[in-house]
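Work out the full structure, taking the sequences as your base and the hints as a guide.
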Amino acid sequence: MQSVDRAVTILELLAARGEAGVTEIAAELGVHKSTAFRLVAALELRGLVEQPGERGKYRLGLGLVRLAGAATVRLDLSQQSRPVCERLAAEVAETINVAILDVDAAVNIEQALGPSAITTHNWVGQRTPLHATSSGKVLLAHLPEPALAARLAAPLERFTAQTVTDPARLRRQLEAARRDGYASTVEELETGLNAVAAPVFAHNGQVVAAISASGPSFRLAKPRLAEVAKAVREAAAEVSARLGYVRGATP
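Quick note on numbering that gives the first Met the number 0: the sequence shown kicks off at 0 and runs consecutively.
Don't read these hints as lab results, they were simulated from the structure.
Heads up, some of the hints might be wrong.
[Unchecked claim] Simulated crosslink set (DMTMM-like; lysine to aspartate or glutamate; CA at most 20 Å straight-line):
1) K32 x E18
2) K32 x D4
3) K229 x E85
4) K221 x E237
5) K221 x E90
6) K32 x E85
7) K56 x E11
8) K32 x E43
9) K221 x E189
10) K56 x E43
11) K56 x E23
12) K221 x D179
13) K229 x E189
14) K32 x E11
15) K229 x E90
16) K56 x E18
17) K221 x E186
18) K56 x E27
Structure representation (structure tokens):
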């Protein structure tokens, strides 16, 4: 924890001063120069600081821009999707979630409850399996082929009798999701729970999230899924437009 605290202090120091040498950094931290050098070297290896010249001075690196950009996208996504999700929840009378990819799971970052919602379960912050949720299938469907192949090579956990655990069958569903613009699940994560989701695109054409509508299977039955899918696709397209996406853009 002490090393982490010192590393953060270095970043704060460089943010305040613009640049600093190892001697200054060591003095600020109250440590030997060799300790300061090791910390700076670790940060440099990650691209969080850089040494632009031969004067021994360091400044913040472009790696921070990448991290800040990711945080900005998430904040923008949350802000831009909230009113759209609330309107969609009222329209389809089901629970609406916005999920993003987090390594090997989908994480919900926004939720809006429709007037017919029979549960107050809060999905925000929860990790859900990619292969057993509609949002997860959308996120999987738009992965680069090497990343998708790696995920399909791993065992697919079964949650209900309806969970798709055959990689070939799942791949066919993902192909259909790309073609149709949405994915659905019928009691694949929980018995009695159905859902449908559509992709949200960033300005550069990359899929950054999925918007889903979920509800009890007796109400969100298979015949109604296609109807709700249309509304979910329209909502996802609106959020994409709010993020600067223009149809036809390529990543």
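Hint check:
{"no.": "1", "hint": "K32 x E18", "result": "16 Å, holds"}
{"no.": "2", "hint": "K32 x D4", "result": "17 Å, holds"}
{"no.": "3", "hint": "K229 x E85", "result": "16 Å, holds"}
{"no.": "4", "hint": "K221 x E237", "result": "25 Å, violated"}
{"no.": "5", "hint": "K221 x E90", "result": "18 Å, holds"}
{"no.": "6", "hint": "K32 x E85", "result": "55 Å, violated"}
{"no.": "7", "hint": "K56 x E11", "result": "15 Å, holds"}
{"no.": "8", "hint": "K32 x E43", "result": "16 Å, holds"}
{"no.": "9", "hint": "K221 x E189", "result": "16 Å, holds"}
{"no.": "10", "hint": "K56 x E43", "result": "12 Å, holds"}
{"no.": "11", "hint": "K56 x E23", "result": "9 Å, holds"}
{"no.": "12", "hint": "K221 x D179", "result": "16 Å, holds"}
{"no.": "13", "hint": "K229 x E189", "result": "23 Å, violated"}
{"no.": "14", "hint": "K32 x E11", "result": "18 Å, holds"}
{"no.": "15", "hint": "K229 x E90", "result": "12 Å, holds"}
{"no.": "16", "hint": "K56 x E18", "result": "6 Å, holds"}
{"no.": "17", "hint": "K221 x E186", "result": "11 Å, holds"}
{"no.": "18", "hint": "K56 x E27", "result": "15 Å, holds"}
Hints 4, 6 and 13 from the list above are not met by this structure, while the remaining hints are.
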